[in-house]
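Visitor: Residue strings, one per chain:
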Amino acid sequence: MADISDSAIIAALGRQMTQAVQKQAVAAGNLANVDTPGYKAREVRFEALLDEELGAVGMKATDGRHFGTPTIADTPTPTEKAGLQARRDGNNVQVDRELLALGRATGEFNAAQTVLAAKFRLVRYAINEGR
Amino acid sequence: MSSTLFSAINAGASALEAQRARMEVAISNLANAESTRGPNGEPYRRREVVLESVPGDGQPGEFEATGVRVAAVLQDQAEFRRRYEPSHPDANDEGFVSVPNVDVPEEMVDMLGAARAYQANLTAINLIRDTIQKALDLAR
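Just so you know, the protein sequences line up as chains A and B, in that order.
So for the first sequence, numbering that gives the first Met the number 0 puts the first residue at 0; every next one is plus one.
So for the second sequence, numbering that gives the first Met the number 0 puts the first residue at 0; every next one is plus one.
Chain A extracted, bound-state conformation:
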């Protein structure tokens, strides 16, 4: 536990929840526009963002006392999903796909929420001196 602090874990879980919520919002927007002519399905790809960050040339910590550089952007912009067959009205939203994305994002959110709740429970336990 020495190298990973509690606050870092809590912050990471919070970020995961935020990302899950953003995925949900995008999927909900796609579902809402399932019959809008010309609407193109959108998606947020945090994985692509991560790859970009990992591949980018950044400052390097060569000493243990260097501060890290914060690189994770919290709000990536949704992009149009590539490689989907559009219908005749130019719309390419697929209901099953969006519901799946929504369900998956909900699962991710619930997972992070469960762990975070357990974390908070431990903190409360410590505050109450184990009572």
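Bear in mind the hints are in silico, worked out from the structure with no lab data behind them.
Hints may be right or wrong, so weigh each one.
To spell it out: a stretch of chain A is covered by chain B in this simulated footprint if at least three of its residues, at any positions, have a beta carbon under 8 Å from a beta carbon of chain B; those stretches are [to be verified]:
hint, region
1, 20 to 31
2, 35 to 44
3, 104 to 113
Within a straight-line C-alpha distance of at most 20 Å, the following computed SDA-like cross-link-like pairs (lysine to any residue) qualify [unchecked claim]:
hint, chain 1, residue 1, chain 2, residue 2
4, A, Lys-80, B, Lys-133
5, B, Lys-133, B, Thr-122
6, A, Lys-39, B, Glu-51
7, A, Lys-39, A, Asn-90
Facing chain A, a subset of chain B residues (Cβ under 10 Å, in silico) [to be verified]:
hint, residue
8, Leu-4
9, Arg-115
10, Ala-119
11, Ala-123
Since the structure is predicted, the reported quantities are computational estimates derived from the model, not experimental observations.
We put the beta carbon where it would ideally sit given N, CA and C, even for glycine.
For chain A, the structure is supplied; the task is to place chain B on it using the hints.
Guide: Below, chain B without anything else, positioned relative to chain A:
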């Protein structure tokens, strides 16, 4: 984060409204499939709902779901169908009646599509509502 969730619920709600409008228009088309006399003397014209997406009005950096609204209800300008029925009061000299350009199976399909989309959006709203509840549970 919470405004993102609420914008998602709002997007779902706007879709419910839009799909209900689609359903209502399909029903009025079906109801008037045989109305040979309208207020303007013409037979009933088939109506059609056009939807458009509404981008969120959130500040930059905030995440907003895209909603939807009814852009217009258009009248189908296709030719009226003609049916030979000399005994009909609205028949012309040759015995033909102009009947509305409503295609009943097409309206049924449209209605089914609207019902399915309505259901999907209702499911989405319930999932997001559960998420909000879960987030609130953290404070307990």
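Visitor: Given Leu-4/B as an interface hint, is its Cβ closer than 10 Å to any Cβ of chain A?
Guide: With Cβ-Cβ at 6 Å, under 10 Å, it holds.
Visitor: Identify whether the interface hint at Arg-115/B stands, where standing means a beta carbon of chain A within less than 10 Å of its own.
Guide: Hint holds; Arg-115/B Cβ to chain A Cβ min 7 Å, cut 10 Å.
Visitor: Holds or violated: the region 104 to 113 of chain A covered by chain B, criterion of 3 or more residues with Cβ-Cβ distance under 8 Å?
Guide: holds (count 4)
Visitor: For the pair supplied as a hint, Lys-133/B and Thr-122/B, is the alpha-carbon distance within the 20 Å limit?
Guide: The hint holds at about 17 Å.
Visitor: Holds or violated: is the Cβ of Ala-123/B closer than 10 Å to a Cβ in chain A?
Guide: For Ala-123/B, the interface hint holds, since the closest Cβ of chain A sits about 5 Å away, which is under 10 Å.
Visitor: Restraint: Ala-119/B near chain A, CB-CB cut 10 Å. Satisfied or not?
Guide: Holds, about 5 Å.
Visitor: Are 3 or more residues of the region 35 to 44 of chain A near chain B, judged by a Cβ distance of less than 8 Å?
Guide: Answer holds; 4 residues pass the 8 Å Cβ test.
Visitor: Holds or violated: are the alpha carbons of Lys-39/A and Asn-90/A at most 20 Å from each other?
Guide: 6 Å, holds
Visitor: Is the straight-line distance between the alpha-carbon of Lys-39/A and that of Glu-51/B 20 Å or less?
Guide: 12 Å, holds
Visitor: Tell me if chain B covers the region 20 to 31 of chain A under the three-residue, 8 Å CB rule, please?
Guide: Result for this restraint: holds, n = 11.
Visitor: For the pair we were handed, Lys-80/A and Lys-133/B, check the Cα-Cα distance against 20 Å.
Guide: 29 Å, violated
Checked against the numbered hints given earlier, the structure breaks only hint 4 and satisfies all the rest.
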